[in-house]
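**Q** Chains as they are written, first to last, in full-length UniProt numbering: chain A, 1 to 461; chain B, 1 to 207.
These aren't lab readings, by the way, just hints derived from the structure by calculation.
Some but not every residue of chain B turned toward chain A, in silico, with C-beta under 8 Å: (1) THR63; (2) GLY87; (3) LEU88; (4) VAL89; (5) GLU90; (6) ASN94; (7) TYR140; (8) LYS142.
Predicted, not measured: the structure shown is a model, and the values here were computed from it. Even for Gly, the Cβ is constructed at its ideal location relative to N, Cα and C.
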Amino acid sequence: MAAPTIEKVQEVREVTRIERIGAHSHIRGLGLDDALEARQVSQGMVGQVKARKAAGVVLEIIKEGKIAGRGILIAGQPGTGKTAIAMGMAQALGTDTPFTSIAGSEIFSLEMSKTEALTQAFRKSIGVRIKEETEIIEGEIVEVQIDRPATGTGAKVGKLTLKTTEMETIYQLGQKMIESLTKEKAQAGDIVMIDKATGKITKLGRSFTRARDYDAMGAQTKFVQCPEGELQKRKEVVHTVTLHEIDVINSRTQGFLALFSGDTGEIKSEVREQINAKVAEWREEGKAEIVPGVLFIDEVHMLDIECFSFLNRALESDMAPILIMATNRGITRIRGTHYKSPHGIPIDLLDRLVIISTSPYEEKEIKQILKIRCEEEDVEMTDDALTVLTRIGMETSLRYSIQLITAASLVCRKRKGSEVDVDDIKRVYSLFLDESRSTQFLKEYQQEFMFNDNTDEMETS
Amino acid sequence: MCVYGEDFMECPSVPIRKFHEKSIYNKDKRKVHFTFSDGAELIEEYDVNTDELLLRKWRKKGTLGNVGKWEIEVGEQSSSLNFEIDGLVESNANPVFIRKDTKSHFQWRIRNLPYPLENYKIVTKPQEGQIVLSTVNKKYFKMFGVPDLTRYGLPLQQDVIEMAHANNTLIISYKKPAAYVEFEKRLLQEIKRLKASKDGDVDCATS
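Make a model of the complete structure from these sequences and hints.
**A** So this is what it looks like as C-alpha cells:
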C-alpha cells in the first residue's frame, strides 16, 4: 500500500531583499546643515567636523559641475572615517551622479593593463544625461492574477490586465515581473508605467474611479486620471548613462563574435575618440548634458609610479571627473621607485590635490559611533557595557570594538539574555585578541612558532 | 534608387544608389537587404511568383549607437514559442495587428477580435498621418500610419477605407492611389534587376 503522502507545501519566503550590514551601511550622508556646518551626530556620521565640512565644500563644487579634474586626498590614520566620508559624499550626491569606488590594488588584478583599468574607472565616473525614446506601457490595473504552481516549486506564472480609457490588454507575466509587481504592491486600481525594455514598474497613483473605495490608504496616495489612447506608447525619457557604458555599447563586435568578447575587454582608443566627438556634438546640439561624477580610489598608496603619472595627465582632460583618494600612509616609499614621499604619492601629483585630514576619534565620539552601530545591527546594549566597549575602542581600535558588538550579541543570545551586558563584552574580549595583544603574544612565544628564525630577514626586506 | 529616405523627393525617377543593397534568392522568396548611411537597415521579402510584398522590416540605430530591434512594417514574423517568459509578454488571446498588402490595397488584419462590425469606428487624421481605429465597447484601440504614403508625400483619405469582419478578424483595406501603384511597379522592376545570390539554406539530402 502506498503510504499516504504528506503534502508539504514548501514555505515560500517572499522577502524583497535581505540587506546585509556592511562596515559603512549606517552612513546616509555627510550630516551637514544648509550652511555646510557639520552637525555633531547626523546621518550616521560622528565627529570629524572639519573634514566633513571640507567634504561638503567639495560636494558643492561637484554639484556645480563646472570644474573638471580636481583631486582631493583624504589622509588620516586607520579607522578615522576616511572611507566613511567618501561613502557619505556618494550618498549625498544621490543616484543621478555617477560615483565609482575602487580600491587602489584592484587595478592590478584585472585582465587588462593598469592604465586601461584607470581609464575605464575615469569614464565610469562621467555621466551623460540624454534623451532616449523607449517603449512604455501606461495604464490602469484591472486585475493581477498570480498562480502558484500546484507542486509548490517551480516558476510562478501570472496574468496582468491593463486598461486605458480606450482599450484593454492582457499580459502574461514572467517570474521577474511578478516579483517586481509584488514588491511595488501593485493592485487593481493602480495606474502604473512599465518600461518595456527593462521591465521597471513605476506606480503613478490610484485611479480617480477608485477614489471612493473603502480602502485603507496612506495620506500620500495620489489620485490620477486613467491614461488615454493606446496602452503602449513611445516616450522620450531622460536618463543618465556613463561614458563607459556608451563605449561598451559601441565597441561590441557585431554578430556571433559578440559572444566571445565580453564588456571587460580593453576598449580601442579610436572608439573612445569617436564617442568623445559624438558626445561633444550632442552637447552643442543641446541633446545631451555632461554630469561629472566622482571617482574614489581607496588605499591610493597601492598605485605605482606609472599610475600616478597617468593620473597627472588624466586630470588635465576637460572630461575628467572629481578624483577623491584616501590613504592611511605617512611618508613612505612610492610603489615602483626607491623614493620616499608623503602618503606614498609623488610630489607633483600631491601638488595638484587639496588634502583633507581626519583625526583620531575622541572617547565621546567612539561611544556615539558604537551606539549607531548597535542600532544598525539591532543589538541592545546596557550603558555599562557600552562604556566598557568604548574603553576597549580607545585602547585598541574602533574597528576591533565594532567587531565585538556582533560577537557579544551572539554570546548574549546564547545565554538567552535580552541585553548585551558587561560580562558578554568581557567574554568576547578574552575570546578574541586584538592586534596589540596578538603582537604581545607572538613576542612571548616567538620561539615556538614555525620559521621563527626567518624573522630577521623579514624585517630587513 | 533612393526610395526610402529623405532624399526621395529630389529624385523620384532617377535611380541613384545611395545605399548598399543585397539581393538573395531563397527558394520562393526574394530578399532585398538595404543599408543606409545612418546605419539603418531595411529588409524586404517578395514572393517570386506573385511579386507580392511578404515582409518589410526596419532596424534603426539607437541614440547611443546600440543596435535596435527589428520593427516589422509589413507582414508577420513567425515568432518562436517560448514558454519561459521573462518580463512581460502580451497574451496570445489579445488582438494581433498585422499589415498584409495586396496589389491594389494596403490591408490590415486584426485577428482575435470577436466583436461585430458595428463596434468599430475608423477615422483618419491627415495632419498627423494617422488612422485611428477605436471600439465602442472600449476594448481595442489602435493608431497606425501608412508609412509608404508618408514617404511618397501623399495625404491620407477617409473615403478609400473599407472594413470587413469575418472569422474573428477585422480587415481594413485602404485603396492604393493610382500614382502609388505606378511607383510600386517601377520599384519592383528595379529590384528584379538586382543580381541575386543564393541564400545560405543549402538543400540537405536527407537520405
